[in-house]
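Knowing the structure of chain R, use the given hints to seat chain G on it.
If you're matching them up, the sequences are chains R and G in order.
The working numbering puts the first sequence at residues 1 to 109.
The working numbering puts the second sequence at residues 1 to 116.
Misleading hints may appear alongside valid ones.
What the hints assert, rightly or not - Calculated from the model, a selection of chain R residues having no Cβ within reach of chain G, i.e. all distances over 10 Å:
| # | residue |
| --- | --- |
| 1 | Val48 |
| 2 | Arg60 |
| 3 | Leu61 |
| 4 | Thr67 |
| 5 | Ala69 |
| 6 | Ile97 |
Stated by the list, open to error - Derived lysine-lysine pairs resembling PhoX-like cross-links, with alpha carbons at most 25 Å apart:
| # | chain 1 | residue 1 | chain 2 | residue 2 |
| --- | --- | --- | --- | --- |
| 7 | R | Lys101 | G | Lys55 |
| 8 | G | Lys14 | R | Lys41 |
| 9 | R | Lys96 | G | Lys64 |
| 10 | G | Lys66 | R | Lys96 |
| 11 | G | Lys20 | G | Lys66 |
| 12 | G | Lys20 | R | Lys3 |
| 13 | R | Lys96 | G | Lys55 |
| 14 | R | Lys101 | G | Lys14 |
| 15 | G | Lys14 | R | Lys96 |
| 16 | G | Lys20 | R | Lys41 |
What the hints assert, rightly or not - Which chain R residues face chain G? A few, computed with CB under 7 Å, are given here:
| # | residue |
| --- | --- |
| 17 | Phe10 |
| 18 | Leu43 |
| 19 | Lys101 |
| 20 | Gly102 |
The hints are simulated quantities; they were obtained by calculation from the structure and are not laboratory data.
All values derive from a computational prediction rather than experimental measurement.
Note that beta-carbon positions come from the ideal geometry of N, C-alpha and C, so glycine has one too.
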Amino acid sequence: ELKVEQNPLFLSMQEGKNYTIYCNYSTTSDRLYWYRQDPGKSLESLFVLLSNGAVKQEGRLMASLDTKARLSTLHITAAVHDLSATYFCAVDRDDKIIFGKGTRLHILP
Amino acid sequence: GAVVSQHPSRVICKSGTSVKIECRSLDFQATTMFWYRQFPKQSLMLMATSNEGSKATYEQGVEKDKFLINHASLTLSTLTVTSAHPEDSSFYICSARTGGGNQPQHFGDGTRLSIL
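Next comes chain R alone, as it looks inside the complex (with noise of 0.2 Å):
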């Protein structure tokens, strides 16, 4: 059975800092995607990542896949309170997406 564990769950931190959360997943996968979810709002895709070493980076936002380890981070830098929201990574197993508990990010000005 595929697992997707993220950690932490819960992040409080001050505006201008760097933070990673991790998402590890159990067994080999094709695709790992990341998205961010706004309170009472449904789903924003900000990166697929497809292939070992892939790096995407998308404003203060970077996402990297190592499938050997079978772990994808994303990191946040220099962050700002825009960037407040949960952020879930998912796996794609046989034609399935599978979510992790998601982050909540909450960023104080």
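The following block gives chain G in isolation, referenced to the frame of chain R:
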């Protein structure tokens, strides 16, 4: 492109009512649609996968007689929560995909269902 529309966005109804939620792909043909449920402060849990013209495949623990899914066309899938009870209150999100598993899923805006 790749817009998925969900309707309604919010439903409040009495216990025992049946509620239908629509999921439409507006600018592409959705060969596969997925239905998720999300309880407050929890992750998305896949309920079922539906392929156009076929019966839906339900995940373990999801009652197929309670959550009726119809995917009669390439642009529309519906989820009907039959005889809804307060414990069915949740955020329901659909996603749609065209083609095979290497194609991305596009998510709808979700439906907030509240059963009184």
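Verification of the supplied hints:
no., hint, in the structure
1, Val48, "7 Å, violated"
2, Arg60, "23 Å, holds"
3, Leu61, "18 Å, holds"
4, Thr67, "16 Å, holds"
5, Ala69, "22 Å, holds"
6, Ile97, "6 Å, violated"
7, Lys101/R to Lys55/G, "29 Å, violated"
8, Lys14/G to Lys41/R, "24 Å, holds"
9, Lys96/R to Lys64/G, "18 Å, holds"
10, Lys66/G to Lys96/R, "22 Å, holds"
11, Lys20/G to Lys66/G, "12 Å, holds"
12, Lys20/G to Lys3/R, "31 Å, violated"
13, Lys96/R to Lys55/G, "17 Å, holds"
14, Lys101/R to Lys14/G, "30 Å, violated"
15, Lys14/G to Lys96/R, "33 Å, violated"
16, Lys20/G to Lys41/R, "20 Å, holds"
17, Phe10, "10 Å, violated"
18, Leu43, "5 Å, holds"
19, Lys101, "5 Å, holds"
20, Gly102, "5 Å, holds"
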